[in-house]
Amino acid sequence: MAVETQPITPPRPRARARGVLGSWDLLVLVALALVIVVGSMTIDGVGNPRFYRFVILEAIPIALIALPMTLIVITGEIDLSVASTVGLTCSVLGQLWHAGVTSLPLLIAISLLLGAVLGAVNGIFVTVFGLPSLAVTIGTLALYRGLAYVVLGDRAIADYPVDWTRDMIAPIPGTVIPWFVLVVAVLALLFGVLLHATPVGRALYAIGNNAEASAYSGIAVMRTKFWLFVATGVVAALAGVFWTFRFASARADNANGIELSVVAAVLLGGVSIFGGRGGLLGVVAAVALLGTLRNALQLADVPANALTIVTGTLLIASVVGPNVVRMARGRLRRRPPEERTQP
Amino acid sequence: MTAPTAAVHRVFVVRELGIALALVLLVGVTFAVNTRFLSAQNIKDLLLSSTILAILAVGQAIVIITRNVDLSVGSILGLAAFATGALFQSTPGMPIPVALLIGIALGAACGAVNGGLIAAARVPALVVTLGTLYVFRGLDYTWATGRQINAADMPAGFLKLGTQSVLGIPVLALFAVVVLVGAGVFLRSYRSGRELYAIGSDPDAARLYGVPVGRRVFWAFVTSGALAGLAGVLHAARFGTIDANAGLGQELNVVAAVVVGGVAIFGGSGSVYGAALGAVLLTTIGSALPVLGINPFWQRAAVGVLILAAIGLDRSLAVRMARRLRGGAGRGR
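Chains A and B, in that order, are what the protein sequence lines are. 1 is the number of the first residue of the first sequence in the working numbering; add one for each residue after it. 1001 is the number of the first residue of the second sequence in the working numbering; add one for each residue after it.
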């Protein structure tokens, strides 16, 4: 095989256009526009505003969780427990309502607090005990989902006031767009500014590129990572609140398995799984792309389950494509010799 | 053996003994509560339920030892299980060994796709196998189109494979034992097996040393795929009913079993025996809790605690070992 004869070079950063849009972000946005344009021309119903209302409602939980997940992956960590955090929040929320807590603000506050605690548990294991986040969050994935079952068993709590469930998916007056998308937009803006326009954001990239060097240059690596896990927990809990009222149902298996959908969107959005590279715009575009494509193909009578092939292929292409192009370029243009001997 | 290597050796022996001890303790306590827990039938059930997870865990351990991960095993299992059922449906007279071979070959082909992409295009395994998790499952769905294959569609001899015992040991468990011992011997005593550990400890150093990293990693994924294919055929034999959802969501359970079994998630250490013990332990918890009078809804939470405890233990062992190797306070004890 040709692999072993190749020189050892560290992966070079993806060639990026200067400016606000990285070339990858642009590519995902172009793909999104293409799907919308081609879709509305060829598939009946894709141009319909109600189509987008549905796409947005479906994408909101993934979009929410993808925001802090982007920051976590950029620091070189991962959080696979997010879907279980959603499930546990749903269970606790449902159980509290069932037990007679009728104040909506109180229910939401307790849910978010719970999310913060769950995130902090992940954060403590990763930063204080120095354990790998991949393994820790596989553990808490099982633990939180298990606790969700302990709290609620196999029951479903579904008797919420109609106002709550209706208001959660109500459109912005005069449009068909669900108002909750504004919450996502505000959070996206907050996380976007934090990541791309503050020293904290620069620090996240630095940590992802070289945690040790960052620590020596005065970045509080562990504290930063800890708070990222807390933020992820809070946002996942918010997704849990949305999930409960959107479907008017709290069940222990709510949002089962969506952690991999979130990770897929983040990676497709151009974030490197090794950390240090990627941006929030690409991730938001990738969430929109996956959601639109899925629903458009569904309208085109592609069986829903077969759509996973599209998700998977896109994900693989997003990492294989750039690498193959780079290798082909490298073979065409002889690289300088000193690069070949680099360890 | 020099002092440091003896220390290293001891740590790993301790690690596998620890998990075995946890298993014995769990079984012992449950047995004390209800002696029927160790009835011949229940032991058989336990072995049967852990077999498929154990085979997957052996394949996963081989991959994780090389500092990679294979998230597509659940989907490969599903694909192979459905293929087995569909083949029996279309050619009822197919001999059972042929079904096994076809399942393994299909799994190996899927593994070759993973390994090929990872080794040739040099992309991270987590991303590629997350992608093929979706692709293989999608192929499964497309092929099945909502169909379900029932026991009546498969020959009785094949289904007997799932229930039959030899000397009280279920035939399925014997498959797992053969796979386990084969993989264990290979990893321990063969040059290419040892090289997998070298790759996991430090891929760049292994490459400089002359280990064919790409080729080894490729074959690790082919092995993991082939074992997932085998697990798929056994799944079909055991359950008799197959739809496109077989093995859905198994991937993280498998990784959990491997981690509980003491294989470091970043490669370079651990053994397939530990991984298989991890699989048996996770399965046993599931059937022990109801016997102990604990609400079975606690099962997943208990698994979570176990995973966290296992990686915590590994971490503290690693820290102690590092101190010993540096010749710190622990030396000479």
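Some hints could be false.
As the list claims (entries may be wrong) - Among chain A residues calculated to face chain B with C-beta under 7 Å, some are:
#1 Ile124
#2 Val128
#3 Leu131
#4 Leu134
#5 Ile138
#6 Ala142
#7 Tyr149
#8 Val150
#9 Gly276
#10 Val302
#11 Asn305
#12 Leu315
#13 Val324
#14 Val325
Claimed, not checked - Computed, partial: chain A to chain B, Cβ under 8 Å:
#15 Phe54
#16 Phe129
#17 Ala135
#18 Gly139
#19 Thr140
#20 Leu141
#21 Gly146
#22 Ala215
#23 Leu267
Said to hold, decoys possible - From the derived model, a few chain A residues whose C-beta atoms are all more than 10 Å from chain B:
#24 His98
#25 Thr102
#26 Leu112
#27 Asp154
#28 Ala248
#29 Ser249
#30 Gly257
#31 Ala300
#32 Asp301
#33 Ala306
#34 Gly312
I should point out that these hints are in silico values taken from the structure, not numbers from a laboratory. Just so it is clear, CB atoms sit at the ideal spot from N, CA and C, and this is done for glycine as well.
Please list, smallest to largest, the hint numbers that this structure does not respect. Numbers 1, 2, 9, 10, 14, 15, 22, 27, 30, 33, 34 - these are the hints that the structure violates, sorted from lowest upward.
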